[in-house]
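Peer 1: Top line first, the protein sequences correspond to chains A and B.
For the first sequence, my numbering gives the first residue as 2, with consecutive numbering after it.
For the second sequence, my numbering gives the first residue as 57, with consecutive numbering after it.
If you are wondering where the hints come from, they were derived from the structure by calculation, not from laboratory data.
Treat the numbers as computed from the prediction; the structure is a model and nothing was measured.
Every residue, glycine too, gets a C-beta built ideally from N, C-alpha and C.
Be careful, since some hints might not be right.
What the hints assert, rightly or not - One side of the interface only, derived from the structure: several residues of chain B facing chain A at Cβ under 10 Å:
#1 LEU102
#2 ARG133
#3 LEU143
#4 LEU144
#5 PRO146
Said to hold, decoys possible - Here are the computed distance ranges between Cβ atoms for each label pair:
#6 A:VAL265 x B:GLY162: 43 to 49 Å
#7 B:GLY89 x A:TRP28: 45 to 51 Å
#8 A:ASP97 x B:ALA290: 42 to 48 Å
#9 B:GLY107 x A:TYR22: 53 to 59 Å
#10 B:ASP119 x A:GLY191: 22 to 28 Å
#11 B:GLY107 x A:VAL85: 48 to 54 Å
#12 B:ARG236 x A:ASP97: 39 to 45 Å
#13 B:ARG267 x A:GLY191: 55 to 61 Å
#14 A:ARG106 x B:ASN113: 22 to 28 Å
#15 B:ASP119 x A:ARG106: 32 to 38 Å
#16 B:PRO368 x A:GLY103: 41 to 47 Å
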Amino acid sequence: MIRKGVATRQRVKTRTRVPAYSGIPGWVRVLAVLAAVVVVLPLLAMVLKVDWAHFIPLVTSEPSQTALGLSLRTSAASTLLCVVLGVPLALVLARDTFRLQGLLRSLVLLPLVLPPVVGGIALLYTFGRQGLLGKTLDVLGLQIAFSTTAVVLAQTFVALPFLVVSLEGALRTSGSRYEAVAATLGARPGTVFRRVTLPLVLPGLASGAVLSFARSLGEFGATLTFAGSLQGVTRTLPLEIYLQRETDPDAAVALSLVLVAVAVAVVALAYRRPALVRPAPASRTTAPAPAGADVP
Amino acid sequence: MTLSFHAAVAARGFDVSLTVRPGETVAVMGPNGAGKSTLLSGVAGLLSPDGGRAELNGRTLFDLDGGKRTWTPPHARGTALLAQEPLLFPHLSAVDNVAFGLRSAGVPKREAKQQALRWLSEVEAEDLALRRPAELSGGQAQRVAVARALAADPALLLLDEPLAALDIHSAPLLRRLFKRVLAGRQAIIVTHDVLDALILADRVVILENGRIAEEGPTREVLERPRSSFAAGLAGLNFVPGTLQGAGVRTEEGLQIAGHGEDPGGSRDSARLCTPGGPGVAVFPPSAVSVFLDDAHGSPRNSFAVTITDLEPHGDQVRVRAGSLAADITPAASADLGLVPGMTVHFVVKAAAVAVYGA
Numbered sequence: 002m003i004r005k006g007v008a009t010r011q012r013v014k015t016r017t018r019v020p021a022y023s024g025i026p027g028w029v030r031v032l033a034v035l036a037a038v039v040v041v042l043p044l045l046a047m048v049l050k051v052d053w054a055h056f057i058p059l060v061t062s063e064p065s066q067t068a069l070g071l072s073l074r075t076s077a078a079s080t081l082l083c084v085v086l087g088v089p090l091a092l093v094l095a096r097d098t099f100r101l102q103g104l105l106r107s108l109v110l111l112p113l114v115l116p117p118v119v120g121g122i123a124l125l126y127t128f129g130r131q132g133l134l135g136k137t138l139d140v141l142g143l144q145i146a147f148s149t150t151a152v153v154l155a156q157t158f159v160a161l162p163f164l165v166v167s168l169e170g171a172l173r174t175s176g177s178r179y180e181a182v183a184a185t186l187g188a189r190p191g192t193v194f195r196r197v198t199l200p201l202v203l204p205g206l207a208s209g210a211v212l213s214f215a216r217s218l219g220e221f222g223a224t225l226t227f228a229g230s231l232q233g234v235t236r237t238l239p240l241e242i243y244l245q246r247e248t249d250p251d252a253a254v255a256l257s258l259v260l261v262a263v264a265v266a267v268v269a270l271a272y273r274r275p276a277l278v279r280p281a282p283a284s285r286t287t288a289p290a291p292a293g294a295d296v297p
Numbered sequence: 057m058t059l060s061f062h063a064a065v066a067a068r069g070f071d072v073s074l075t076v077r078p079g080e081t082v083a084v085m086g087p088n089g090a091g092k093s094t095l096l097s098g099v100a101g102l103l104s105p106d107g108g109r110a111e112l113n114g115r116t117l118f119d120l121d122g123g124k125r126t127w128t129p130p131h132a133r134g135t136a137l138l139a140q141e142p143l144l145f146p147h148l149s150a151v152d153n154v155a156f157g158l159r160s161a162g163v164p165k166r167e168a169k170q171q172a173l174r175w176l177s178e179v180e181a182e183d184l185a186l187r188r189p190a191e192l193s194g195g196q197a198q199r200v201a202v203a204r205a206l207a208a209d210p211a212l213l214l215l216d217e218p219l220a221a222l223d224i225h226s227a228p229l230l231r232r233l234f235k236r237v238l239a240g241r242q243a244i245i246v247t248h249d250v251l252d253a254l255i256l257a258d259r260v261v262i263l264e265n266g267r268i269a270e271e272g273p274t275r276e277v278l279e280r281p282r283s284s285f286a287a288g289l290a291g292l293n294f295v296p297g298t299l300q301g302a303g304v305r306t307e308e309g310l311q312i313a314g315h316g317e318d319p320g321g322s323r324d325s326a327r328l329c330t331p332g333g334p335g336v337a338v339f340p341p342s343a344v345s346v347f348l349d350d351a352h353g354s355p356r357n358s359f360a361v362t363i364t365d366l367e368p369h370g371d372q373v374r375v376r377a378g379s380l381a382a383d384i385t386p387a388a389s390a391d392l393g394l395v396p397g398m399t400v401h402f403v404v405k406a407a408a409v410a411v412y413g414a
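My request is simple: use the sequences and hints to build the entire structure.
Peer 2: In structure tokens, the structure reads:
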């Protein structure tokens with residue numbers, strides 16, 4: 002039995018080592034390399050430009066620290082907002098059927114392709130002092146534009162689609178059969194959502210949240226338009242970098258590297274292979290489930 | 057403790073009335089797309105019919121006929137569904153899966169776990185309690201799924217081909233398990249396997265094209281099928297037509313002589329056999345002989361048919377000609393030189409043909 006298992010594993014190994022026929026023409030490979038260069042070369046150029054001797058002082062200067070702190074706080078807040086609002090939206094889009102559902106889905110995805118500066122202007126005419134809701138809010142003594150709240154709103158506006166898209170995909174993939182079984186076992190919709198739906202799509206939700214966080218962290222156009230660039234209040238790290246570029250290019254490069262590091266970490270988190278199947282206990286004696294069952 | 061159910065779903069051409077008495081297990085059989093799953097979904101509340109009403113133990117599941125529409129959501133119906141796939145929640149251990157229904161009903165954690173362990177031992181899966189579903193084989197997972205459905209204490213258990221996805225080694229074990237747990241339990245089991253209907257069910261309902269084609273005690277339906285599907289299950293030749301004397305006349309004008317007696321069935325054949333009314337002639341393939349020429353010898357039936365298929369059937373050769381079949385020995389088949397497309401005569405003694413009203 003054990004020997005058989007080893008033999009199977011070896012066979013699998015051999016199969017992965019021998020490359021299958023790919024059928025890719027040579028010129029496609031050349032262009033693919035070119036594409037990779039387009040992405041990697043600028044990053045490399047920037048890293049080469051980093052003034053390593055002064056890297057730590059540059060990154061830890063007071064304005065840099067303020068901007069980084071603000072960026073992290075606002076991005077965390079907007080990610081939270083994305084989760085709170087995006088999960089219900091994704092659920093409704095994936096599981097419900099209603100009129101104009103397709104239209105709603107397209108509209109929600111719009112910020113993905115919209116120039117952020119346009120988003121900023123739209124937000125300004127919604128929450129600005131002369132805006133659609135701004136006038137009412139002004140009466141209540143609330144001024145959103147050019148405040149930290151505006152930064153969070155701008156980030157949420159551009160980052161929400163990332164969460165909705167990845168979560169809706171996860172919801173569609175997992176289907177609603179588990180939910181149906183849970184309901185026939187006597188679970189109310191709330192219980193089904195909490196104990197079945199959420200745990201099942203947790204990987205999709207996590208990667209969606211990480212992507213939203215990354216998008217929030219990099220937000221520039223909408224923030225500048227809607228929130229301005231006030232140090233400690235609305236000047237997030239990308240805005241600080243843009244500003245520093247004119248006065249202190251070395252600081253700009255150093256701070257950019259910080260954002261690159263964060264981006265690398267985010268991509269690694271969001272696109273890692275999900276380790277859904279836990280290692281089997283040592284006492285295990287029976288045959289494992291077919292491999293197909295492990296695929297989420 | 058009775059389920060009375062009537063529902064119509066226009067889009068699927070579904071219109072079925074069904075009653076399940078207390079402690080009764082009803083097998084639902086029928087060809088693909090006959091509405092078997094629609095029936096279960098309708099009872100479980102996963103599908104909203106266009107019309108009809110259903111009641112389980114005096115509680116209205118839905119009433120869509122009157123002016124005031126009543127609808128009980130799935131979680132409040134007490135109809136646990138067990139599907140072909142176990143559908144164990146992949147993020148929960150086996151014991152937590154089994155405890156799911158109890159926890160949803162508000163049973164405290166510790167007590168739910170204890171009860172879940174009891175149900176796991178009921179299906180001989182105690183040792184699997186801490187495993188994740190991904191670490192279970194198909195048969196093990198289905199056993200845990202059975203425990204999970206039973207632990208929810210359903211008033212009515214709905215089983216949708218629970219043995220269909222299992223390998224040939226796990227299926228008999230599960231069938232024994234179902235035999236045990238379904239005894240005295242109110243259940244509807246959808247199945248493709250006549251063995252399940254015989255072993256597990258008190259009664260069988262044959263669905264065809266969204267309607268009940270026939271229903272009755274499993275043995276009786278298999279011995280005296282009134283639908284071509286049931287005849288196929290029983291492995292019998294089935295010729296529908298109109299009753300004429302002791303025989304049946306088909307739409308094509310074929311006359312089949314048989315005997316009108318009722319050898320084993322308990323139904324009142326005299327009442328059912330109204331001359332001129334719809335009737336069926338039923339005979340086993342083993343009673344059919346194959347001849348190259350027309351070999352009339354009273355009282356025999358002989359009809360010319362074109363062979364469509366030849367296939368092994370146990371140690372016999374099954375000669376198929378459209379909807380009819382004959383079982384002959386391989387030697388006889390070779391002697392006659394049978395090949396598909398050949399025209400031969402199927403000959404069957406009238407004494408071997410059961411004729412009754414449909």
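Peer 1: Against which earlier hints does the structure fall short, listed by number upward?
Peer 2: 11, 13, 14, 16
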